[in-house]
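Visitor: For the sequence shown, the positions run 33 to 646 when the numbering used here is used.
Note that these hints are calculated values from the structure, not bench results.
Every value quoted in this text rests on a predicted model; they were computed, and no experiment measured them.
Please note: incorrect hints may appear among the correct ones.
[Stated by the list, open to error] Straight-line C-alpha distance at most 27 angstroms; calculated DSS-like pairs for lysine-lysine:
1) K278 / K263
2) K442 / K509
3) K78 / K158
4) K197 / K78
5) K158 / K91
6) K375 / K197
7) K34 / K278
8) K499 / K442
9) K158 / K375
[As the list claims (entries may be wrong)] Beta-carbon label-pair distances, calculated as ranges:
10) P87 / E279: 16 to 26 angstroms
11) P385 / T410: 50 to 60 angstroms
12) Y532 / P47: 12 to 22 angstroms
13) G342 / Y532: 47 to 57 angstroms
14) A415 / A645: 24 to 34 angstroms
15) L533 / E614: 30 to 40 angstroms
16) K442 / G342: 41 to 51 angstroms
17) T53 / E279: 15 to 25 angstroms
18) D328 / E627: 29 to 39 angstroms
19) E79 / D343: 46 to 56 angstroms
Note that the Cβ used here is the ideal one computed from N, Cα and C, for glycine as well.
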Amino acid sequence: MKQYRIAGREPGYYPMGMTKTAGGIHFSVAAQGVELRLLFFLENDKEPVCTFLFPEKEKRGEVFSVTILGDDFTGISYCYEIDGKRFSDPYGRAFTHKDNWGNLEETAVIPKSPVRFDSFEWGEEKRPLIPYENSVIYRIHVRGFTMHSSSGTTYKGTFRAIEDKIPYLKELGITSVELMPVYEFQEVILPETVYGNPYGVDKPTGKLNYWGYTSGYYFAPKASYASGDQKDPVLELKSLVKALHKEGMELITELYFTGKESPSFVLDAVRFWAEEFHLDGIHLVGYPPLDLTGRDPYLKGLKLWADSWGDIPQKGPKYLAEYNDSFQMDMRRVLKGDEEQMKNLVFQTRNNPSDRGMIHFMANTNGFTMMDMVSYDTKHNEANGEFNQDGNLYNYSWNCGKEGPTRKKKVVELRRKQLRNAFLLLLLSQGTPLIMAGDEFGNTQSGNNNAYCQDNDISWLNWNLLKTNRDLFEFVKAVIAFRKAHPVFRRREEAKNMDYLACGFPDVSYHGVKPWYPEYENFRRQLGILYWGDYARKPDGTADNHFYVAYNMHWEPHTFDLPNLPKNHQWHVVFHTDKMEENGRYEEGNEPVVEGKSFPIPPRTIVVFMGKAD
C-alpha cells in the first residue's frame, strides 16, 4: 500500500494546480466553501483510496493549498470535493474519461487528473517568428480536417494526421496554421440545469458542440484529438508544433472564454499554452480580458489575435492583430457587385496599420465556405434541427444563377471565375490573408452556414474535391507564390498614397477607366489600383515590379486605359480571371504583352498587369 502524508507549511506562494516539490506534490485550487478535500483514486476506482483535508491555516483568500509527500504516485488520479460536492481541477493538465469523442456515458463521470509530470525533448526547435506581412494562415478544425475517409491519413481526426499533411500545406504555400479550440472542452451539449444527479452532471441533449466554443479544462489538450491506444494529446500536440517549426511554419490556437473566468485565470491559461507548447500565437475569442492580456509583459512578441485591441499601444515588431469579419463582409459585397463598394475596395486592399496586424479572410467558421458563397443565396441549416432559424442572415453571397449544386456549364464556369476573383481580392490585399481549410479546393457544407453541431460529412473535408477542383487549388497556390514573390502586395506598413520618394509616382494610386480619375459614385463597380515597385524591395535589395490591378466587378464589360510606364517598359498580363483555358493565369515568362494603351475587361473579371522592361 502506497503511503502519503500532508507536509508542514512551507513559505511562499505556489502556482495554481499541481506542482512537483522535494519529496512530493503541491496542490493549489480556488474554491468557495468551508471544507475542501483532495481525493486520490486508483485506476477505474469510483471511490477514493486516500482523502486529505486541506489545512485551514494554509488557505489564502479562496485559494486552498496542501503539499502531499510520497515516493510513488504511479497510477494515481485526483479530483477535489468541497463541502461534499466533487469537482475536477480547473488547472488539470490531463483528464480521465475523455479519450472518446462524443461519448455520452463519459458525461456522467467527474473527470480526474492523473498525477504525472511528462517530459518532452524539444531539441533545437525554435519559433520561426514570421512577420505578419509574410504570413499566410490556414485555419483547421483538428477533427474535421482529416476525419473523412478520403483524407489518406492513418490516424484520422487527430494531431498526428495534421502532421501527416504538412507537405500538402507547404506545397500550397502556407506559413502559419491556426487550430480551432484544442483544449479539453465538453463536446456533448448539456442543458444548463438538471436536478437529482448525484455528481451534478447534466443529462446530454444528443447534440455535439463540434466547434468547441464553450468553457472547458483550459490547461489540457483534448484527449480525443490524440491517436492510438495511449491517447497522449500532450505528446502529439508538442510533436506537431516541433514538426511545423522544423519546416519553418507556425502554430496558433484558439482559446474561447465565456467572460465568467477571473482575469488571472485567463492570463494563466494564455501564458501556459504559449510556454508549455511553444506556440507562436493565441487567438482570443469570446469574452477574454483583452486589456490585461494585450499589455502582459510575458506575452510581448507572441502573436495575439482578437476582434479588436482598442488603443493598446505597440512598439517594435507587430504582435497584436485584429481578427474580425469586416474584410469578409466588405469584399463579398465587392465580389457580388453591390452598389457603393469601391471605397470599401480601396480601404480593405490598403488597410494595414503600422502598430498592429490585420487578419483578412473571405470565409471563416461562422458562415458560408467560399464555394457555398458562390453557390447559395440563402442558408440551408435544416440539419441543425432548429428549423433553419439559426446562423447568420447576412452572408452577402450569390449563387450565380442556380441555388446549390448544378451541372449548367455557364453557372459552373461563373462560380469558378468568382472564386478566382475572391482569392485575388484576398491575396492581393495588404494585411495577412487567412484561408479556411478546404476553400482552396472548393469545400462545401451544402449551404449550412452554422455547422457547429455537424460532426459528419457536412463539416469534414472531402479530399476527393482536391482532384475534382485541382484547377482551383493550382490557381490559389500560384497566387500565394505570386504574393510572396512581390513585396508591393505585402508591405510592412500602410501605403501613403504619396510620392514620398520623389520618383514621380505615389506608392499606391487609384484610377477609374481613365488613369488618375477614380470614380466613387454609388453605381460604379470598377476600379484600378497602381502599385509602384520602387516602394518595395525584394530580398536582394532590388525594386519590385510595377503592377496595375484592374477590378471590373460589374456585370457589363468595361475598357480600361492603362497608366503609362517608364520608357522601355510594357504591361504584361499575369492574371486574367475570365480566361478559363488558362485557369485565370499565365506562367512566368509567358505573360502576354498588352498591345496599345487600353484593355477590354469582361464582366466580373479581375486582371493583373505587371510592368516589365523590354
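Visitor: Give a verdict on every hint.
Guide: Now for the hints, and whether the structure bears them out:
1. K278 / K263: The hint holds at about 24 angstroms.
2. K442 / K509: Answer holds: K442 to K509 is near 25 angstroms, not above 27 angstroms.
3. K78 / K158: 43 angstroms, violated
4. K197 / K78: 40 angstroms, violated
5. K158 / K91: 40 angstroms, violated
6. K375 / K197: Answer violated: K375 to K197 is near 39 angstroms, above 27 angstroms.
7. K34 / K278: Violated - the C-alpha atoms of K278 and K34 are around 43 angstroms apart, more than 27 angstroms.
8. K499 / K442: 21 angstroms, holds
9. K158 / K375: Not OK: K158 and K375 at ~42 angstroms, beyond 27 angstroms, violated.
10. P87 / E279: 16 to 26 angstroms: 50 angstroms, violated
11. P385 / T410: 50 to 60 angstroms: Since the Cβ atoms of P385 and T410 sit about 35 angstroms apart, the hinted range of 50 to 60 angstroms is violated.
12. Y532 / P47: 12 to 22 angstroms: Given range 12 to 22 angstroms: violated, Cβ gap about 51 angstroms.
13. G342 / Y532: 47 to 57 angstroms: Distance hint for G342, Y532 is violated at roughly 29 angstroms.
14. A415 / A645: 24 to 34 angstroms: 57 angstroms, violated
15. L533 / E614: 30 to 40 angstroms: With a Cβ separation near 35 angstroms, L533 and E614 satisfy 30 to 40 angstroms, so the hint holds.
16. K442 / G342: 41 to 51 angstroms: Cβ of K442 to Cβ of G342: about 48 angstroms, so the range 41 to 51 angstroms holds.
17. T53 / E279: 15 to 25 angstroms: For T53 and E279 the Cβ distance comes to about 39 angstroms; the hint is violated.
18. D328 / E627: 29 to 39 angstroms: Violated, at about 59 angstroms.
19. E79 / D343: 46 to 56 angstroms: With Cβ atoms ~54 angstroms apart, the hint holds.
Violated hints, in rising order: 3, 4, 5, 6, 7, 9, 10, 11, 12, 13, 14, 17, 18; the structure is consistent with all others.
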